[in-house]
Amino acid sequence: MVLAKFVEVGRVVKINYGPQEGKLATIVEILNDKRVLIDGPTTGVQRQVIPIRRLTLTKFNLKGATRGARSGVLTKAIKKSDPFAQYAQSIAAKKVAKKALRAKLNDFDRFRVMILRKRRSALLSTQLKSLKKNAGGKAQAQAKGGNKKK
Amino acid sequence: MPAKKRTVRIGNWYKSDDENVHFVRKRKAPRPAKLRKIVPGQVLILLSGRFQGKRVVFLKQLKSGLLLVTGPFKINGVPLKRVNSAYVIPTSTKVDVTGVNASQIDDDYFKRTQAQRRKNEQGFWAKRGELTVEQQTAEKTRLDGKRNTQKSVDAALITAIKKTQLLKQYLGARFTIGKTTRPHELVF
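So the sequences go chain by chain: A and B. With the first letter of the first sequence counted as 1, position 17 gets the number 17 in full-length UniProt numbering; the numbers rise by one all the way through. With the first letter of the second sequence counted as 1, position 22 gets the number 22 in full-length UniProt numbering; the numbers rise by one all the way through.
Simulated from the structure, these hints should not be mistaken for lab results. Model, not experiment: these values are computed from the prediction. There could be a bad hint or two in this list.
With a straight-line Cα cutoff of 16 Å, these simulated EDC-like cross-link-like pairs (lysine to aspartate or glutamate) come out [to be verified]: (1) B:Lys162 <-> B:Asp96; (2) A:Lys104 <-> B:Glu185; (3) A:Lys63 <-> A:Asp82; (4) B:Lys81 <-> B:Asp107; (5) B:Lys63 <-> B:Asp108; (6) B:Lys94 <-> A:Glu8; (7) B:Lys81 <-> B:Asp108; (8) B:Lys94 <-> A:Asp109; (9) B:Lys81 <-> B:Asp106; (10) B:Lys60 <-> B:Asp107; (11) B:Lys168 <-> A:Glu8; (12) B:Lys60 <-> B:Asp96; (13) A:Lys99 <-> B:Glu185; (14) B:Lys146 <-> B:Asp106; (15) A:Lys95 <-> A:Asp107; (16) B:Lys146 <-> B:Asp107; (17) A:Lys63 <-> A:Glu8; (18) B:Lys168 <-> A:Asp109.
Stretch-level coverage of chain B by chain A, calculated; a stretch enters the list once three of its residues show a Cβ under 8 Å from a Cβ in chain A [stated by the list, open to error]: (19) 87–101; (20) 150–158; (21) 168–176.
Yeah, the Cβ is synthetic: ideal placement off N, Cα and C, and Gly gets one too.
Make the full structure from the sequences, and use the hints.
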């Protein structure tokens, strides 16, 4: 397995512990093997030293971030190419959003989701059956269901 | 400051009866339990009794403090019923109850009648027909009256419920906890 996400200047990270949990920032300077200096002027993260243990590395990099760059420099670089917006499009971000949404569901919502899932499953199985019949047993195609699951 | 003197009375008075008079608390009027933000029309989940897990619609709080709820009966079999608010989970789902008239119903509606009490006295061995003919007819009219009240209260409710998709099925289903559900994390 090739290691692709490095702790480097410009790496976009997600804070996963502490009062700023869930926020994104950029690595600005590496202090030692355990601590880095991060800053997120556009995401509301104050410039701070943080242990790497409290971060999750994303696959995005901020282009134009130099070692020890100040917040203003970072903001300019972000204006040019916004890695945070790219992150928001990524599957990882969507998973987080989905999880947050699911946690907010109330009892009636959960019931509706259950019913919709059952309906989708029923649709899928009827589609699959008909495909199998038509293809005479050589069916490979997976029918894509209609409903979007929450 | 004058010291408090503790006087011990040695009485000459001895009670002739062995009756032990316990300290009797003056009966206070029952204070209706404070309703923790439960609003008429709100869907509640019953937690105990025959209808555990059923989702019912809250109508109003009675004078005794108990909550008056109804299934509605046609949807999930829960009749007009009194329920203790401690044994209830309020959900955030609300039904429109502007057309529902439950003002006639109070605690007296749920009082046991003579005939019922007599039947309970006899208990397991009560034979049918122990009631006199007039008692039976009285019972019959009483039950018919109850059925009618149920229907009239539920009618407006059911029309309101039908307006929301899947709400009828939701009220007909029971709330359950599975292996992976974490009740303390659920948002109701």
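Structure-based check of all given hints:
With a CA separation close to 11 Å, the supplied pair Lys162 (chain B) and Asp96 (chain B) stays within the 16 Å bound. Taken as a hint, the Lys104 (chain A) and Glu185 (chain B) pair is honoured in the structure, with Cα atoms around 10 Å apart against an allowance of 16 Å. Simply put, Lys63 (chain A) and Asp82 (chain A) have alpha-carbon atoms about 9 Å apart, close enough for the 16 Å limit, and the pair holds. Taken as a hint, the Lys81 (chain B) and Asp107 (chain B) pair is honoured in the structure, with Cα atoms around 10 Å apart against an allowance of 16 Å.
Of the pairs offered as hints, the one joining Lys63 (chain B) and Asp108 (chain B) holds, with about 10 Å between alpha carbons and a cut-off of 16 Å not exceeded. For the suggested pair Lys94 (chain B) and Glu8 (chain A), the alpha carbons sit about 52 Å apart, so the restraint of at most 16 Å is broken. With a CA separation close to 12 Å, the supplied pair Lys81 (chain B) and Asp108 (chain B) stays within the 16 Å bound. Between Lys94 (chain B) and Asp109 (chain A) the alpha-carbon distance is near 13 Å, which keeps this suggested pair within the 16 Å criterion.
This hinted pair checks out: Lys81 (chain B) and Asp106 (chain B) have alpha carbons roughly 11 Å apart, not beyond 16 Å. Between Lys60 (chain B) and Asp107 (chain B), the direct Cα distance comes to roughly 12 Å. Compliance with the 16 Å bound is thereby established for this hinted pair. Only pairs whose Cα atoms come within 16 Å are accepted, and Lys168 (chain B) paired with Glu8 (chain A) is rejected, the gap being roughly 56 Å. Of the supplied pair hints, the one linking Lys60 (chain B) and Asp96 (chain B) holds, its CA atoms being roughly 13 Å apart against a limit of 16 Å.
Between the alpha carbons of Lys99 (chain A) and Glu185 (chain B) the distance comes to roughly 13 Å, so the proposed pair stays at or under 16 Å and holds. Restraint check for Lys146 (chain B) and Asp106 (chain B): the C-alpha separation of about 13 Å stays at or below 16 Å, so the hint holds. For the proposed pair Lys95 (chain A) and Asp107 (chain A), the alpha carbon gap of about 21 Å is over 16 Å, so the pair is violated. Taken as a hint, the Lys146 (chain B) and Asp107 (chain B) pair is honoured in the structure, with Cα atoms around 14 Å apart against an allowance of 16 Å.
Restraint check: the Cα-Cα separation between Lys63 (chain A) and Glu8 (chain A) comes to about 12 Å, which is no more than 16 Å; the hinted pair holds. Proposed proximity of Lys168 (chain B) and Asp109 (chain A) is supported: the alpha carbons are some 13 Å apart, at most 16 Å. Check result for the region 87–101 of chain B against chain A: holds, 3 residues qualifying (beta carbon to beta carbon below 8 Å, three or more required). Only residues whose C-beta sits within less than 8 Å of a C-beta in chain A count toward coverage, and the region 150–158 of chain B has 0 of them, not enough to reach three; the restraint is violated.
Coverage of the region 168–176 of chain B by chain A holds. Counting CB-CB distances below 8 Å, 4 residues qualify, and the rule asks for three or more.
Figure legend: structure checked against the earlier numbered hints; hints not met, in rising order: 6, 11, 15 and 20.
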